[in-house]
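We have chain B already, so just place chains U, C and X on it with the hints.
4 protein chains.
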Amino acid sequence: MGKTVKMGLLGMGRIGKLHAMNIQNSLPNAEIIVAVDPFLNEEMEAWAKGIGITNCSKDPRDVFENKEVEAVLICSSTDTHADFIIRSARAGKQIFCEKPIHTDLDKIKEALAEVEKAGVKLQLGFVRRFDRSHKKVRDVVASGQLGKPYVVKVCSRDPEAPPMSYVAVSGGIFMDMMIHDFDMVRYLAGSDITEVNTVGACLVNPDFAKYDDVDTAIVTLKFANGAIGVIDNCRQAPYGYDQRVEVHCEKGCVQDNNNLENEAYISTASGVEGAKPTWFFLERYNDAFIAEMEDFVDAVLEGKEVPVGGKDGLESVRVAMAARKSLLEKRPVQLSEI
Amino acid sequence: MGKTVKMGLLGMGRIGKLHAMNIQNSLPNAEIIVAVDPFLNEEMEAWAKGIGITNCSKDPRDVFENKEVEAVLICSSTDTHADFIIRSARAGKQIFCEKPIHTDLDKIKEALAEVEKAGVKLQLGFVRRFDRSHKKVRDVVASGQLGKPYVVKVCSRDPEAPPMSYVAVSGGIFMDMMIHDFDMVRYLAGSDITEVNTVGACLVNPDFAKYDDVDTAIVTLKFANGAIGVIDNCRQAPYGYDQRVEVHCEKGCVQDNNNLENEAYISTASGVEGAKPTWFFLERYNDAFIAEMEDFVDAVLEGKEVPVGGKDGLESVRVAMAARKSLLEKRPVQLSEI
Amino acid sequence: MGKTVKMGLLGMGRIGKLHAMNIQNSLPNAEIIVAVDPFLNEEMEAWAKGIGITNCSKDPRDVFENKEVEAVLICSSTDTHADFIIRSARAGKQIFCEKPIHTDLDKIKEALAEVEKAGVKLQLGFVRRFDRSHKKVRDVVASGQLGKPYVVKVCSRDPEAPPMSYVAVSGGIFMDMMIHDFDMVRYLAGSDITEVNTVGACLVNPDFAKYDDVDTAIVTLKFANGAIGVIDNCRQAPYGYDQRVEVHCEKGCVQDNNNLENEAYISTASGVEGAKPTWFFLERYNDAFIAEMEDFVDAVLEGKEVPVGGKDGLESVRVAMAARKSLLEKRPVQLSEI
Amino acid sequence: MGKTVKMGLLGMGRIGKLHAMNIQNSLPNAEIIVAVDPFLNEEMEAWAKGIGITNCSKDPRDVFENKEVEAVLICSSTDTHADFIIRSARAGKQIFCEKPIHTDLDKIKEALAEVEKAGVKLQLGFVRRFDRSHKKVRDVVASGQLGKPYVVKVCSRDPEAPPMSYVAVSGGIFMDMMIHDFDMVRYLAGSDITEVNTVGACLVNPDFAKYDDVDTAIVTLKFANGAIGVIDNCRQAPYGYDQRVEVHCEKGCVQDNNNLENEAYISTASGVEGAKPTWFFLERYNDAFIAEMEDFVDAVLEGKEVPVGGKDGLESVRVAMAARKSLLEKRPVQLSEI
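Protein chains in written order, with the numbering used here: chain B, 1 to 338; chain U, 1 to 338; chain C, 1 to 338; chain X, 1 to 338.
One chain only, chain B, in its complex shape:
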C-alpha cells in the first residue's frame, strides 16, 4: 500500500458526512483523522466512530494545528468557507472546499490570494463535473471532434423546493442552486461567461418573492468564445431530479439523459411506463462525489493540478451575482459590471 492522505473534516452536516463516508469506505489512500463541528453532539460522535473517526472536536484549531493533517475538507456553513480557506492555507494544508467560496467577492479574492501565497491546492466541490454522463459530454466537446461549440444548454431542476427557512438564508436561487449550472456551462463551453440575461418567476410558491427570490428562472448567456447558452432552473420537478445538458456544435450535438431509478418498463393498452429519474443529488451524483474526492486525493498525492480550482469558484459567484442583478434590473448584465 502506498501513502495515505490524512484529512481533517470541518462540518458534520449532510455534505460533510457524505464525503466522510466516501473517504472512509471507498478511498483506500485517504483517511479522516479528525472531525470538527461547532454543534458536536453524541449522535455525531457515534456516527464518526462508526466509520473509524475517533477524534472529534468543536474547535477548528484541532484541525489546523494538527501536524498529521495534510488536507482539510471544508463542509461547514457557507459564511465560514473563506475564513477556513485562509486558515487552512496559512497552516499549509491542502484544501477541498464546498461551493460557494463566499457571497462577497472581496472575501473570495482575499482567500484565493492566501491560497496562492501559501502554494497549497484548493479544489472546489463542483461535483457535477465528475458525473459520468456530463463528463462524457464535455470530453466530446473538448476533443474538438464536433468542431466549435455554438450553443450550451442546461436543464437543472430539483425534485422539491427547500423549506422557506432555508430559502431565507440560501443566498437565492442563483447563488444556491444555479451556481452549479454556471460552473457546468463554463466547463462544457470551455470558456468564460461575458453576459447574462435573466427571466424569473415565483410559480411554485409565491413566498419566494418575500425574499426577493424566484423559484423558476431562465438565464441566457454569452461566452467569451462567441458561443451562447441558456440555463433553466426550477425548485420543484415532481418527477425527480432533472439534470440534462446539451451542447450544439459545428458538426453535431452531444447531450445526455437523466439516470433512471431502474431500466424496467411496462407496456399496456394505456401506454408504456418506465421509471422516473433518480430522486435527488445524493442518488444522481453518488459516484461523482467519490470521483471528485479521488481526484483531490490524487492531486495531493501526486502533485497534480486540481480539476476545479479557485478561479472556477470565483467565476461562478460572479455569474450568479450578474444573473441576480439582471433579474432585479430587468436588463442584460455584462460580467464586466461585476
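Think of the hints as simulated: they come from the structure by calculation, not from any bench. Possibly wrong hints are sitting among the right ones.
[Said to hold, decoys possible] Here are the simulated EDC-like cross-link-like pairs (lysine to aspartate or glutamate), alpha carbons at most 20 Å apart as the crow flies:
#, chain 1, residue 1, chain 2, residue 2
1, C, Lys251, B, Asp207
2, C, Lys17, C, Glu43
3, C, Lys330, B, Glu337
4, U, Lys135, C, Glu283
5, X, Lys251, U, Asp207
6, B, Lys251, C, Glu261
7, X, Lys49, B, Glu31
8, U, Lys311, U, Glu43
9, B, Lys135, X, Glu283
10, U, Lys135, C, Glu261
11, X, Lys148, U, Glu160
12, X, Lys3, B, Glu45
13, C, Lys135, U, Glu261
14, C, Lys3, U, Glu45
15, C, Lys148, B, Glu160
16, C, Lys330, B, Glu329
17, B, Lys325, B, Asp104
18, X, Lys330, U, Glu329
19, X, Lys330, U, Glu337
20, U, Lys148, X, Glu45
21, B, Lys136, X, Glu283
22, C, Lys136, U, Glu31
23, C, Lys136, C, Asp287
24, U, Lys330, X, Glu337
25, B, Lys311, B, Asp192
26, C, Lys136, U, Glu65
27, X, Lys136, B, Glu261
28, X, Lys135, B, Glu283
29, X, Lys251, U, Glu261
30, B, Lys330, C, Asp295
31, X, Lys251, U, Glu160
32, B, Lys3, X, Glu45
33, U, Lys148, X, Glu160
34, B, Lys148, B, Asp192
35, B, Lys251, C, Asp207
36, C, Lys49, U, Glu31
37, C, Lys251, B, Glu261
38, U, Lys3, C, Glu45
39, U, Lys251, X, Glu261
40, B, Lys148, C, Glu305
Frame of chain B, contents of chains U, C and X only:
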C-alpha cells in the same frame, strides 16, 4: 412522364383495397385499370370509382384476357392464389401475389413451374422486408460489417386475436401468422432454415385448441449457414403490434424497436409514460406496403429482379409445415422431412 | 360520398405543390380545380395535369372570379399574402394561407378586418400544431392533468442553412424560422406572449451579419398566464431537423423526441449507434401537412372553427418583431411596444 | 448501533474478495472476522488486512470451529460447496453459498438435508434477483397487475469468452452460465420448469466442441403454470454484457433494458451514437451484490426467510442438466427425467 404499368386487381377485400389505394394515390407510374371480385357489390364499385377504377367485374377472365393489363395483383383468398398465378403466367402477365402461395406444396411447385415456363416475374407480398427498420437491420447484416450472423431473433405479436371463425380457416398460427417471421429470419440471416423445434400453448383462449392450433408459440431454428434463431409469436399483445428483430453477429448486434404512436412522454411522480407501439400492421407497415409495390413496379418497368420471389414463398410454407409438425410430434423437425 | 370542397391554388412553388398533392391524393372530400402561378410554365402545367388539375393560369382572377371555387389556398410569396387574403375575402372564399400573413402589421390588420367583414374562414399554415407528438404534448397540457404550465421550451433547428440569396429576402430568422416556434409556444402555453429577450450570434456563417441577421438565437419569453419560456433556433444542425418541445407544469413535465429515420440500432465495441432525426420539414411534418388540410376542409364543410386563426397569424408576427427589436436594441422588449 | 453478524469467509478468489469488500465497506451490521483460502499467500493477507480482516488461515476449521463466527460465506471452488455447506450446517452456522451447490444431484440433496436438520439458513448467490431492473420486472409480474404470465424471455450474453482452460472445468455453458438464467426465469415466472429443449452451436470458437460444449445456445422452456419461455446465451457479445428480461402477460408486457456506461449521446450527420452496456457482471451487478448480502444479513439478524433458498439451488442445477441432455440427445427433455 414515363411508362405506366397497367394492372388488374384480383380480390377487393382489405388487402386488395389497401394495395389499390396505394397504387392509385402514391404510385405515379402504375394504374389499376380493372378490378375483379366474385362478391362484387355496389359498395365495392363505388369505392373503386372513388379512386379512379371504372372497370369492375366478377370474372377473373376480365383481367387475364385484357390485353392492356401488364401485371396482376392477386389479393384473393389463399386457396385461389396458386391457380391465379398459373392463369396469370399463362396469360403472360407479371404477378404480385399475397402470401402464402398455397398450403399444398405440390400446388406451389406447379405454380412456380408455370411462372418459370412463362418467364414472367412473381413477387410475393412479404411486406415486412420493406419496413425501414427491419430493412436497415438486414442491410447491416448483409453488409458484413458485423461479421457472420450467430443468432437471429424475432418477436412478433398481434395486438388482438382474430375471431374463432377466422381461426377455423386460417391454416393455423404457423401458416397464417408466423409465416411472415419465417420469411423475415431467412431475410435477416441470408440463409435457409434446416431445422425447427416448436413449443406452443393456448394461453390467450383455450378455444384455439379446438382447431389443433395454439395462440402462443416459440420456435427455435437452425440455419444452413450455421446460425441459430428463435421466433416468438402471440395472437394477443394488448399494448399494440410488437414487431422487433435482433441479429447477433461476430462483432456486434443490430436490432430494432417498435414504431410508437407518437414521441411524446409524460414525467410525473409516478413515472415516465410514453405512447405504445402503433396498433397493427396497417399502421406499422403502411409505408412498407407502398415500398413493396414500388419495387414491383420498378422490376416490371426496368426488367429487374423482384426483391421477394417464388422460392421465398415456397420456403416459408415448408418451414410453417415443419413448425406445425414439431408442435404435434413434440420433437425437432428437419426441413428435409418436408 | 359527401360534398367536396373545390379549391383554387395560388402559387405553385414547393409548398403549393405539397398541399396540392396532399389534397389530390389523400383528401377524398377536397379537390383543386384551378391553379395559378405568375411564372406558370410547361413543367408546372405537366405537373398539375399529372395530379388531375387541368385548369392552370397566370392570373389570380381565375381563382377569385371562379364561381365553383369555394376555398383559396394562398401559397404565393409572402408579400402577396395579405392582398390575396383581402381579394379572397371580398370574393367570399374560404381561405387557407401560409405564414406569415405579412411583415407589416397594418397590412395584417387590414386583411383580418376584411376577413371578419366577409365572414369567411381564415386558417394559417402553422403546420407543426398538427404533428402527432407536439399535439400530444399540447393536449396533455391543455387537459390540466399536470396542473398549470410553468416553463415552455422549444428547440428548433434546421438541418442546413438556406442560401444567402434567400436570407436576403427571408425577413430574418425571427420572421422566417422562429415564427413557427412563437406560434408553437403560444399553442403549448395556451397563452399570449408579453415580453421577449433575444441573444443571437452568427456562428454558422458570418455572412448572416450582412443582413443584420443572425443564424443562431435564443429567445426567452414571458406569457400572460405567468409562465416563462425559451426558444432556441439554429440554421444548421448537421444531424437533421431537431424539433423538440417540453412543457414543465406543476405536477410534471411533458415533452417529445424527434422522429428518427428508422428504429434500428447497432451495438458494437465502440458504442450503440442509431438513426438520426428525419431530415427536414417535408419528412418530419409530412403527416401534419395532410392533417392541417383535413381540418381546414372539415371547417369549411361542417362550418366549424378553424384550428389556427387570424389572431394566431397576427401574434406570431408581433412576437417576431419584438424578438428582432430585442436583438438590435440589446434589451428585453414588451409586446405592448409593438 | 445494533447487533453485528460476524462472518467467516471461505475462498479468497475474485468473488470472495468482492463479497468481503462489500461487507467491510458497505454493510454496517456485518463483519468478516476470519478468512480462509487453501492457497493463502502474502498478497491475500495484505489485501485482507487492508479491509480490516486480520485473521487469515489455510484451514477451514478456523471458520467452522470459531465460536464467534455466526455465518459462513462459501466462495470456494464449486466442488467444495456441498461439503462446506454440510460442515457449516453441522457447526450450526448460517450459510451464504455461491452457485451452484454442486454438479451432482445426490450431493446437493445430501447438503440440503443437513441444512434442514441443522435448522440453519442457506442463501444461494443468485445475485441477478437483486438487480434493480430485473427485480422491478419480477415485482410487476408478481403483483398480478398484468394478469397471468404467458411468455418469459431472457437474453443473457457475456462480453467475452473465458479461456479454454476455464471452459475445460466450467461444467459447460448450462451449468456455468445459463444456470443464472434458469434461476431468473423461475423467479420471473414464479413457477418451476417442466420441460426444456436446446439448440446450440459453436460459433464463437470451434474449440468449445472439444469439451462437448457450445458457446451459443437457445433453450425453450415450459413452466408448471402453463407459461412458456426462452433463454438465449452467448459467450461473446463484443458490445458488453447483454442482460435483458421480458415477460409477456395477459394484459401487457414488462421488460428491461441494459444499464449503459453513461447516458450521453452524440448526434452527427452519420447518426446518433450512445454508450454501450456496462462491461460485465462486476459493473452491472455491483449494487446487486451488496443488496443480496444485505438481505442475507437481515435474514440472519431478524430471523427472516432467505430470499433465495436451497430449492432454488437444486432446481437450477436440474434444469441445467436437462438442457445439456436435450443438446446431446437432440430432443425435448422433461424435468421429471432428471
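Evaluation of the provided hints:
Pair hint lysine 251 of chain C plus aspartate 207 of chain B holds up; C-alpha atoms about 19 Å apart against a cutoff of 20 Å. Restraint check: the Cα-Cα separation between lysine 17 of chain C and glutamate 43 of chain C comes to about 12 Å, which is no more than 20 Å; the hinted pair holds. Between lysine 330 of chain C and glutamate 337 of chain B the CA atoms are separated by roughly 16 Å; this keeps the pair inside 20 Å, and the hint holds. Only pairs whose Cα atoms come within 20 Å are accepted, and lysine 135 of chain U paired with glutamate 283 of chain C is accepted, the gap being roughly 19 Å.
Restraint check for lysine 251 of chain X and aspartate 207 of chain U: the C-alpha separation of about 19 Å stays at or below 20 Å, so the hint holds. Restraint check: the Cα-Cα separation between lysine 251 of chain B and glutamate 261 of chain C comes to about 19 Å, which is no more than 20 Å; the hinted pair holds. Simply put, lysine 49 of chain X and glutamate 31 of chain B have alpha-carbon atoms about 16 Å apart, close enough for the 20 Å limit, and the pair holds. At most 20 Å may separate the alpha-carbon atoms for a hinted pair to count; lysine 311 of chain U and glutamate 43 of chain U exceed this at roughly 37 Å.
Under the criterion of a C-alpha separation no larger than 20 Å, the hint pairing lysine 135 of chain B with glutamate 283 of chain X is consistent with the structure, at around 19 Å. Straight-line distance between C-alpha atoms of lysine 135 of chain U and glutamate 261 of chain C comes to about 12 Å, which keeps the hinted pair within the 20 Å bound. Taking the CA atoms of lysine 148 of chain X and glutamate 160 of chain U, the gap is about 16 Å. The hint holds against a cut of 20 Å. Simply put, lysine 3 of chain X and glutamate 45 of chain B have alpha-carbon atoms about 19 Å apart, close enough for the 20 Å limit, and the pair holds.
Annotation: proposed proximity of lysine 135 of chain C to glutamate 261 of chain U holds, straight-line Cα distance about 12 Å (limit 20 Å). At most 20 Å may separate the alpha-carbon atoms for a hinted pair to count; lysine 3 of chain C and glutamate 45 of chain U meet this at roughly 19 Å. A threshold of 20 Å between alpha carbons decides the hint, and for lysine 148 of chain C with glutamate 160 of chain B the separation of about 16 Å falls inside it, so the pair holds. Between the alpha carbons of lysine 330 of chain C and glutamate 329 of chain B the distance comes to roughly 14 Å, so the proposed pair stays at or under 20 Å and holds.
Of the pairs offered as hints, the one joining lysine 325 of chain B and aspartate 104 of chain B holds, with about 14 Å between alpha carbons and a cut-off of 20 Å not exceeded. Using a Cα cut-off of 20 Å, the hinted pair lysine 330 of chain X and glutamate 329 of chain U holds, with the two alpha carbons roughly 14 Å apart. Distance hint between lysine 330 of chain X and glutamate 337 of chain U is fulfilled; the C-alpha atoms sit about 16 Å from each other, no more than 20 Å. At most 20 Å may separate the alpha-carbon atoms for a hinted pair to count; lysine 148 of chain U and glutamate 45 of chain X exceed this at roughly 47 Å.
For the hint pairing lysine 136 of chain B with glutamate 283 of chain X, the CA-to-CA distance comes to about 18 Å; that is within 20 Å, so the pair holds. A distance of roughly 37 Å separates the Cα atoms of lysine 136 of chain C and glutamate 31 of chain U; the hinted pair therefore is violated under the 20 Å criterion. With a CA separation close to 14 Å, the supplied pair lysine 136 of chain C and aspartate 287 of chain C stays within the 20 Å bound. For a cut-off of 20 Å, the pair hint linking lysine 330 of chain U to glutamate 337 of chain X stands: about 16 Å separates their Cα positions.
Note on lysine 311 of chain B and aspartate 192 of chain B: the hinted pairing holds, with a Cα-Cα distance of about 11 Å set against a maximum of 20 Å. Of the supplied pair hints, the one linking lysine 136 of chain C and glutamate 65 of chain U is violated, its CA atoms being roughly 52 Å apart against a limit of 20 Å. As the CA atoms of lysine 136 of chain X and glutamate 261 of chain B are separated by approximately 10 Å, the hinted pair is consistent with the 20 Å bound. The hinted pair formed by lysine 135 of chain X and glutamate 283 of chain B meets the criterion: a straight-line CA distance of about 19 Å does not exceed 20 Å.
Our distance criterion of 20 Å between C-alpha atoms is met by lysine 251 of chain X and glutamate 261 of chain U, whose separation comes to about 19 Å. For the suggested pair lysine 330 of chain B and aspartate 295 of chain C, the alpha carbons sit about 42 Å apart, so the restraint of at most 20 Å is broken. With a CA separation close to 11 Å, the supplied pair lysine 251 of chain X and glutamate 160 of chain U stays within the 20 Å bound. Note on lysine 3 of chain B and glutamate 45 of chain X: the hinted pairing holds, with a Cα-Cα distance of about 19 Å set against a maximum of 20 Å.
With a C-alpha separation of about 16 Å, the suggested pairing of lysine 148 of chain U with glutamate 160 of chain X holds against the 20 Å cut-off. For a cut-off of 20 Å, the pair hint linking lysine 148 of chain B to aspartate 192 of chain B stands: about 15 Å separates their Cα positions. Only pairs whose Cα atoms come within 20 Å are accepted, and lysine 251 of chain B paired with aspartate 207 of chain C is accepted, the gap being roughly 19 Å. Restraint check: the Cα-Cα separation between lysine 49 of chain C and glutamate 31 of chain U comes to about 16 Å, which is no more than 20 Å; the hinted pair holds.
Taking the CA atoms of lysine 251 of chain C and glutamate 261 of chain B, the gap is about 19 Å. The hint holds against a cut of 20 Å. Proposed proximity of lysine 3 of chain U and glutamate 45 of chain C is supported: the alpha carbons are some 19 Å apart, at most 20 Å. Taking the CA atoms of lysine 251 of chain U and glutamate 261 of chain X, the gap is near 19 Å; set against the 20 Å cutoff, the hint holds. Of the pairs offered as hints, the one joining lysine 148 of chain B and glutamate 305 of chain C is violated, with about 47 Å between alpha carbons and a cut-off of 20 Å exceeded.
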